[in-house]
Every structure is written in C-alpha cells, then in structure tokens.
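Novice: Given chain V's structure and the hints, the job is docking chains L and D onto it.
Taken in sequence, the protein lines are chains V, L and D. For the first sequence, the tail end lands on 260 under my numbering, and the numbers increase by one without skipping. For the second sequence, the tail end lands on 251 under my numbering, and the numbers increase by one without skipping. For the third sequence, the tail end lands on 277 under my numbering, and the numbers increase by one without skipping.
Think of the hints as simulated: they come from the structure by calculation, not from any bench. Just so you know, these numbers come straight off a predicted model, no measurement behind them. Treat the hints loosely; a few may be bogus.
Distance ranges between label pairs, derived from CB positions [said to hold, decoys possible]:
1) V:38 <-> D:115: 53 to 59 angstroms
2) V:164 <-> L:22: 25 to 31 angstroms
3) L:210 <-> D:39: 38 to 44 angstroms
4) L:90 <-> V:95: 22 to 28 angstroms
5) V:26 <-> D:40: 47 to 53 angstroms
6) L:98 <-> V:36: 52 to 58 angstroms
7) D:93 <-> L:65: 18 to 24 angstroms
8) V:95 <-> L:216: 34 to 40 angstroms
9) V:259 <-> L:210: 48 to 54 angstroms
10) L:73 <-> V:68: 52 to 58 angstroms
A virtual CB, placed ideally from N, CA and C, is assigned to each residue, including glycine.
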Amino acid sequence: MSNEVTAEILGTHVLDLARQGRRLDGRGLDEYRKVTVEPGFVASADGSALVRIGATAVVAGVKLEPGKPFPDTPNAGVLTTNAELVPLSNPSFEPGPPHPRAIEVSRVIDRAIRAAEAIDLTKLCVTPGEKTWVCYVDVHVIDHSGNLIDAGSLAALTALAHATLPAKRFGIAESDSPLALQHQPVETTFVRLGDAIVVDPSFDEELACQGRLTIATDELANVVAMQKGLIGAFSPEDVKSLAERAFQHGDRMRKLAAGA
Amino acid sequence: MGSVGAKEVPVLLSPDGKRIDGRKLDELRSMRIVAGALHQADGSAFVEWGANKVMAAVYGPREVHPRHLQQNNKAIVQCKYNMAAFSVDERKRPGLDRRSQEISKVIAEAFESVIFVEEFPRTSIDIYIEVLQANAGTRCAGVVAASVALADAGIPMVDLLPAVAVGKVAGKIALDLKKEEDNFGEADLPMALVPQSGRLVLLQMEGHMTGPELSESLDLGVVGCRAIYEKMKQALRDRYQLGGPSEGAAQ
Amino acid sequence: MGHGHRRGHRGRGPGGVPPRSDGERTLVLPGEEIDVHGLQPGPGTYRVDGRTYASVLGLLSRRPPVVRVIPLSGRYIPKPQDIVVGTVTDVQTTFWLLDIGAPRWAPLHMTGTPWKIEVGECGQYLHVGDTVVVAIENIDPTGRIGVTMLGDDLGKVDGGTVVTMSPAKVPRVIGRSGSMIQMLTNETGCRIAVGQNGRVWVDGTPEGMQRVREALRLIEEEGQRSGLTDRVAGYLGSTRQPGDAAPMPTPTRPPFEPPSPIDGGDEPDDDAGPAPF
Numbered sequence: 001m002s003n004e005v006t007a008e009i010l011g012t013h014v015l016d017l018a019r020q021g022r023r024l025d026g027r028g029l030d031e032y033r034k035v036t037v038e039p040g041f042v043a044s045a046d047g048s049a050l051v052r053i054g055a056t057a058v059v060a061g062v063k064l065e066p067g068k069p070f071p072d073t074p075n076a077g078v079l080t081t082n083a084e085l086v087p088l089s090n091p092s093f094e095p096g097p098p099h100p101r102a103i104e105v106s107r108v109i110d111r112a113i114r115a116a117e118a119i120d121l122t123k124l125c126v127t128p129g130e131k132t133w134v135c136y137v138d139v140h141v142i143d144h145s146g147n148l149i150d151a152g153s154l155a156a157l158t159a160l161a162h163a164t165l166p167a168k169r170f171g172i173a174e175s176d177s178p179l180a181l182q183h184q185p186v187e188t189t190f191v192r193l194g195d196a197i198v199v200d201p202s203f204d205e206e207l208a209c210q211g212r213l214t215i216a217t218d219e220l221a222n223v224v225a226m227q228k229g230l231i232g233a234f235s236p237e238d239v240k241s242l243a244e245r246a247f248q249h250g251d252r253m254r255k256l257a258a259g260a
Numbered sequence: 001m002g003s004v005g006a007k008e009v010p011v012l013l014s015p016d017g018k019r020i021d022g023r024k025l026d027e028l029r030s031m032r033i034v035a036g037a038l039h040q041a042d043g044s045a046f047v048e049w050g051a052n053k054v055m056a057a058v059y060g061p062r063e064v065h066p067r068h069l070q071q072n073n074k075a076i077v078q079c080k081y082n083m084a085a086f087s088v089d090e091r092k093r094p095g096l097d098r099r100s101q102e103i104s105k106v107i108a109e110a111f112e113s114v115i116f117v118e119e120f121p122r123t124s125i126d127i128y129i130e131v132l133q134a135n136a137g138t139r140c141a142g143v144v145a146a147s148v149a150l151a152d153a154g155i156p157m158v159d160l161l162p163a164v165a166v167g168k169v170a171g172k173i174a175l176d177l178k179k180e181e182d183n184f185g186e187a188d189l190p191m192a193l194v195p196q197s198g199r200l201v202l203l204q205m206e207g208h209m210t211g212p213e214l215s216e217s218l219d220l221g222v223v224g225c226r227a228i229y230e231k232m233k234q235a236l237r238d239r240y241q242l243g244g245p246s247e248g249a250a251q
Numbered sequence: 001m002g003h004g005h006r007r008g009h010r011g012r013g014p015g016g017v018p019p020r021s022d023g024e025r026t027l028v029l030p031g032e033e034i035d036v037h038g039l040q041p042g043p044g045t046y047r048v049d050g051r052t053y054a055s056v057l058g059l060l061s062r063r064p065p066v067v068r069v070i071p072l073s074g075r076y077i078p079k080p081q082d083i084v085v086g087t088v089t090d091v092q093t094t095f096w097l098l099d100i101g102a103p104r105w106a107p108l109h110m111t112g113t114p115w116k117i118e119v120g121e122c123g124q125y126l127h128v129g130d131t132v133v134v135a136i137e138n139i140d141p142t143g144r145i146g147v148t149m150l151g152d153d154l155g156k157v158d159g160g161t162v163v164t165m166s167p168a169k170v171p172r173v174i175g176r177s178g179s180m181i182q183m184l185t186n187e188t189g190c191r192i193a194v195g196q197n198g199r200v201w202v203d204g205t206p207e208g209m210q211r212v213r214e215a216l217r218l219i220e221e222e223g224q225r226s227g228l229t230d231r232v233a234g235y236l237g238s239t240r241q242p243g244d245a246a247p248m249p250t251p252t253r254p255p256f257e258p259p260s261p262i263d264g265g266d267e268p269d270d271d272a273g274p275a276p277f
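Only chain V is shown next, with the shape it has when bound in the complex (with noise of 0.2 angstroms):
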C-alpha cells in the first residue's frame, strides 16, 4: 500500500528528542546504529555482500559479462548499477515498474562508484571496440528500515572487493582472476531533524526529516557525490562539516568493506 501513515506524534517525538540530542532508540547524534558485513552470501554471483544496519538489510550481488563497449568508450568497460526496492522489504512499496525513489538509490549508488572510479573500467577491456566486461551491480533490498542508500552502497562496494572475474568460464582467459578495487567510495547519509542533523536515519527518521544529504568519500579524503534528497534544505557550513563527519564515518566502513 502506498498510503501507509505514520502517527504525526511519532514525528513530532522525533524532533522534539533531536532538539534535546536524543533519538528515538537511544542512539546519540553521529552514531550508525550496528552494521554488520557478510562478503560471499550469494554463491551464484562473482562477487556479493549482505549488509545489515540495525534492522535495514541489503544484498549487493555483482556479475560479470562479456559484451560489447559503447561506441563512445572502445576501451572501457561497462558498469550498470541497478536496486531492487521489493515489496517484500516493507510495507509502502508495492509490486510495478520501478519507483522514482528505487531509481534514486540505483543512480546515487552508481554515481559514487562511477565517479570514484572504483573500478578501472579500460581494465574490463578485452578487445578494444569488440569486447569487453560488463559488470552488473544490482542491489536487493529485503528489509527496509531507514538508510538504503548507506547500506546498498556498502554492499555494493564490499560485493566489487570480493569479485571474481569468471574468464576461464567464458574462456577469455586461462583461470579467473580478481576484480581489483582501485579505490573504494562509501556513503554516508544524514538527516536534518529540527537544527540537529544526525548520521544514518532510521525509518521513522526519514519520515519526520527536513531533508537529507548523502556524501559520498573515498579512502584519499576526497568526496566523490553527493545527494540532496527529501524536503528541506542545508547550509554551506552544514555541508562542510557534515563532509568531515562523512570522512571519519566512510574509513570506519571502509575497513568493514575490505572484510577487516
């Protein structure tokens, strides 16, 4: 059913703690409720991860395929990144064609790893003009409390460390190698409730916000996206910081991505 609503007292509650720097399960402001990291959960992709933050729970499952470059880019690979919001995962999505918002997460997500280049794309070359790798991303979300976009990242990211390029399957090469990571974003997501703005929303949080912001870092201290999404606005210094907090949350799961 799309026409689920919340209590607006839950709301209310909801900024009414932020103001006195509470949150509603007791979390303090620039905490990730528990995130949990499980590379390999799919043995029929070449690379895959579940990801669990507090009760949100994502797989991120990578395959690769040879096929044709785009005229454009004779040299380079191609890299799709794709999110499934599946009605399964909560009760306000329904079964159709995808929604703007399962589009937003796929394209935040891909934005990220595109513009960290990842992936070395002239790396998945194989003949240049003729073929080449395609590597699929395509993230599943099985249950949706808050957050997509930080935990489909995550397992997306994780799923490409622990990738496998199948050539001896499709007979490019004589053994399968590694898909090396060349660096690694991750995405960080905060909600502004009231002038509090907290890191990694929960369901209730998103619905009560004044507006969100994805920043997306990479282990050289460089931010490589970002997103503004829902109703409501930031100032520069509310960026600027948020960028630093964004840094400091990213290497945390940097190092939950590479399985340390």
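Specialist: Just chains L and D now, kept in the frame of chain V:
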C-alpha cells in the same frame, strides 16, 4: 539456467546408485529454515535448501489496492515470486517475466486453497518470495518459506504447505533435484502437499514419465513433503517456544 | 471453490476477555490435530470428519466448554469494546478512516465524536496523521469495523509518542490485573494508554518515554519467558532517575484518562467470570 560452457552431460548417477552430490535417490538436500527473519513484514521466513536461498514475507490481511480487486466475501491472496538478478549463473534481467508470473499464480492459488480466506472479506493477503540464490527447486523453496511466513503472520489456514520436486535422473525417480539433475534429467515434477488432507494443491510436471514412474514419483514426493513438514514445524517452534519452565509448552 | 472441508471452521471472532488457561500452555501450529477432551471447538480451530485441528499458530487453551487457540502473532483482530490507538489515514465528508493495525481501515463517523460537525467539516477536526484513542463498537458481517470516540477514555491525543508492538503481547504489557502497566506508570511518571491493537501511547519526560519504550521492547522480546515482571522491574530500577516519577512539569488536562486495564491480562485470574461462550 544452463551454465555457460557446461555442454557435456555430467554423470548423474554412479554405478552404485549415488547421485551427483552423493545423495541417494530418496534423499533430500540439507535444509535450514528461519521463521521470522525480517522486521517490516507481518510474517517472514528464510529458507536455505541445498544451494537455494529464498526469503519470503507476508503482509496482511490488509486493505486492497487497487480497490476494484476487492472480493466482497473473502480475502484475495496475491503472490509475487521474483528472482534477484544475481541469483542465477547468467544474470537475469530484473522485473517480472512470464515464468515468474506463472509461478506466482500457481503459488497464490495453492495458498488460497488452504487459507481461511472467508474470514477476512475485502482484504488482501500478500505473499512476496525473493529468490536470492537459485539451484533448482526455487518454487518449492518459495512455497516452504511462504508457508512458514504465513504461519508467522498468524494467518488461519488448514495446514502448513510443504513442497518438493521429484524428477527422473538417468532413468531413475529421484527426490529433490539439484541444478545439474534439473538441467540434464528427463523429468521434473514439483508438488505441494496439504498434510492434513493428503491432497496436492500445487502440481506441475515437465518431461517424460511412464504411468508407473508417475505413480512412484507422487509417492516419493509425498514422503519428501512429510519430512519437510517436520522441519517447517520445528522452525516455527524454535521461534515461538522460548518459554521458561513455568510458561513453556509441553514439548 | 468448494471448500467443503472448511465447514466446521470457527474464526477468531469476538471473544471477550482472554480465556483462562488450564495451566498447560501448549504451542500448536496450523494443521495440528487437537484432542478436545469433549469440549467444543472454538476460535482458532476447525473440524473435519469429526476431528479438530488448529487453524492458527498459538497457545492451546481449554476452558470449558470451549477449546480454542490463542494466536501468538498476526494483525490485530478487532473485538467489540476493545480500546485501540489509531492513525487517521483519510478524511471524507461524513467520516474519517483510521488505521488501527487491523485487516481493514476502520471508519469513524462524525456522529461518533463529541463534536457538533456539519457534513463536509470533518477535515476541520481531525487530519491525516492524527492519533486517536477509540473503542470498537461492532464488526459487521462484511468485516467493516465500526469505531467510536464517544466514551470517557476516548479522544484525540496531542503530544507524546506511539510505540507499536505485537497485539499478542498486549496482555503482557497490562499484566495481571493491570500490574505491569501500573509499575510502568509509577516508575516513569508517564501517562500510558495501551491499545488492544498493540499501539501504545506514551507521554511524559523524554527520559521517561525512553524508559517505557525500552521496557516495552523487553516485554515484546521476552514476554514468553518466566519472571518477566522481575526483569522489567530490574530494568526500570537500574535506570531510575530523580524526578522521573514526579508529576509532569506543566500538567495539562489529559485528553482522556488512561484506559482502565480491567479487561486485560491473559494470566489465569480466579474471578475472571463465566466463560464468554
């Protein structure tokens, strides 16, 4: 689902009657069921069965949208069976294909045959099955997961619905085919059993079987379903029977 | 579709007070045969060929003359006289639709409120997203759930928060003769309204509301284990803060008195009265 490059038919049955993974003809793959695996759904279950990984969620009974689907005298049962893009060897394009839609329909009808739908007029009971990793028998794994999810959601029904596929491998009737047996075997017969009545509410078949082979398959499938039934009940007991000595149940 | 075998089924219809347990709490699953010991099959069971089976997952309860299954999970199934906490989901010319966590939305007609409302003015009184405490009046054969706001404990609530839990755990929240809810109220100073539908309205200090939320989580997760009251008391004691149980800083007139917990509690209760069947 054919794996790329594997063009030669593997040896499906060894001279001493062992199958490709060492099982006997009437042996099930290993199975793990977790009832109540998700937070948002009214009921849910995760099933790992051989190399299958399937998640099911149930929402409802709830308001029907769009409203014209409402039935005045009963709940409607809707099912969406969906395979994740990475669940099979060759990436599956996301979205509903004809196979998924057919499977969704027969699964919805199987469950409508056992749910007391007349208790919830004008509502919908929605069953979602997500195949995360596929290795033959995903519709049966989906039925098992969805059935446990329905019980977890407190839906009144005649019985749980164990399901299994029987097939023909190297001329022999075998229980619970895995991928190679499904790809290169001679027949595949998925079924779902209502243990209380002994009747089948899901039944499909593809391939070649003689009358006696069909008969043997059905008998073997019923035996398999009854074994799976026990695992389903255990998964639900594990979730709900955490009682201490004073409040615990008899078993 | 010819479900002849269903004829004997008894739904989870109006049941009144929870039944008295016979002491033995047995978990049953759908399809499991029940030995009725000469009792009549009640809600949560069905009959085929003279045999009785469970239709839902729950605890078996034998309370002469009826044997029934008390569900341990699932959506809220409305019963007349239940008090529930709901959210307004739609405003029409003469009524509002409420989400009370039941299979269907419940219409609240404008005549079921204390307000004098002209047709078309509903939107001036309750908006989408508002929280209300209402009572179930009736459930008609089509499954339509009639609710009313007329009654001492009923009305719109402002402020506070809503905690959602499984309706099956509500008797635990209330406790024997209201003991659990009394302890929560005394220890935290919060006003608490427990809806039979598993939605709990809480208002008080931020610390108090947080402690109630945590205590409710404890009850929901550990409600089936023994010694629950002691563990909740232990939690509340360990988080006690000065001033928690004091009166609200600026007490406003409550929109309603918290529902009295007399109809709650699934613990055996000697003076529970005659069986509702």
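Novice: May I ask which of the numbered hints given earlier this structure violates, with the numbers listed in increasing order?
Specialist: 3, 6
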